[in-house]
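Colleague: Sequence:
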Amino acid sequence: MGAEDLLVSLGGSSSRFDGGTYRDYARFARSHVLLSARAHDRVAIDAIHLDIADVEGLHVEAHDAASSGFSATACIHPSQVNVIRGAYRPTDDEIAWASGVIRAATNERGAFLYDGRMVDAPLLRHAEQILANSGRLED
46 MGAEDLLVSL GGSSSRFDGG TYRDYARFAR SHVLLSARAH DRVAIDAIHL DIADVEGLHV
106 EAHDAASSGF SATACIHPSQ VNVIRGAYRP TDDEIAWASG VIRAATNERG AFLYDGRMVD
166 APLLRHAEQI LANSGRLED
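First residue of the sequence shown? That's 46 in the numbering used here, and the numbers climb one at a time after it.
Since the hints were made in silico from the structure, they are not lab data.
For clarity, every value in this text was computed on a predicted model and none was experimentally measured.
Watch out, some of these pointers could steer you wrong.
Label pairs and their computed distance ranges (CB to CB) [to be verified]:
hint : residue 1 : residue 2 : range
1    : Gly64     : Gly131    : 20 to 26 Å
2    : Arg130    : Glu173    : 27 to 33 Å
3    : Asp137    : Phe157    : 21 to 27 Å
4    : Val53     : Gly180    : 35 to 41 Å
5    : His122    : Phe73     : 25 to 31 Å
6    : Arg61     : Phe157    : 41 to 47 Å
7    : Ser81     : Arg148    : 34 to 40 Å
C-beta: ideal position from N, C-alpha, C; glycine also.
Produce the entire structure from the sequences given, and follow the hints as far as they go.
Modeller: As structure tokens, this is what we get:
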């Protein structure tokens, strides 16, 4: 998703408001890229974060992108790599939850409760994705 590329093709002057959030057209395009890519079983790569010094803003955006389903966030400076990788890396709590759900599923049929939450096929796939992203997917 190239927000700045789109901006230039539209003849605009900024893809973001003064507070740093995307303008509506960029948010729409970002969503459309994500949904279209995933509908065609392709990866979606989120836009760059132009403000290299804004590490917190990059962290927030990359975490949102990972949570939304993007496969990666493009970066423009080496200092951004670790922040972006960290945003896409599952937390220890997420890994523990996913491992527990997968273990619990071996004794269950259909939807079941795990730690007070309903778990069904989509949540099992989510748990598998977490473990795959952490490198801990068990056969």
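Colleague: For every hint, state whether the structure bears it out.
Modeller: Structure-based check of each hint:
1. Gly64 - Gly131: 20 to 26 Å: holds (24 Å)
2. Arg130 - Glu173: 27 to 33 Å: The hint (27 to 33 Å, Cβ to Cβ) is violated, given that arginine 130 and glutamate 173 are roughly 21 Å apart.
3. Asp137 - Phe157: 21 to 27 Å: For aspartate 137 and phenylalanine 157 the Cβ distance comes to about 24 Å; the hint holds.
4. Val53 - Gly180: 35 to 41 Å: holds (38 Å)
5. His122 - Phe73: 25 to 31 Å: holds (27 Å)
6. Arg61 - Phe157: 41 to 47 Å: The hint (41 to 47 Å, Cβ to Cβ) holds, given that arginine 61 and phenylalanine 157 are roughly 44 Å apart.
7. Ser81 - Arg148: 34 to 40 Å: For arginine 148 against serine 81, whose Cβ atoms are near 36 Å apart, the range 34 to 40 Å holds.
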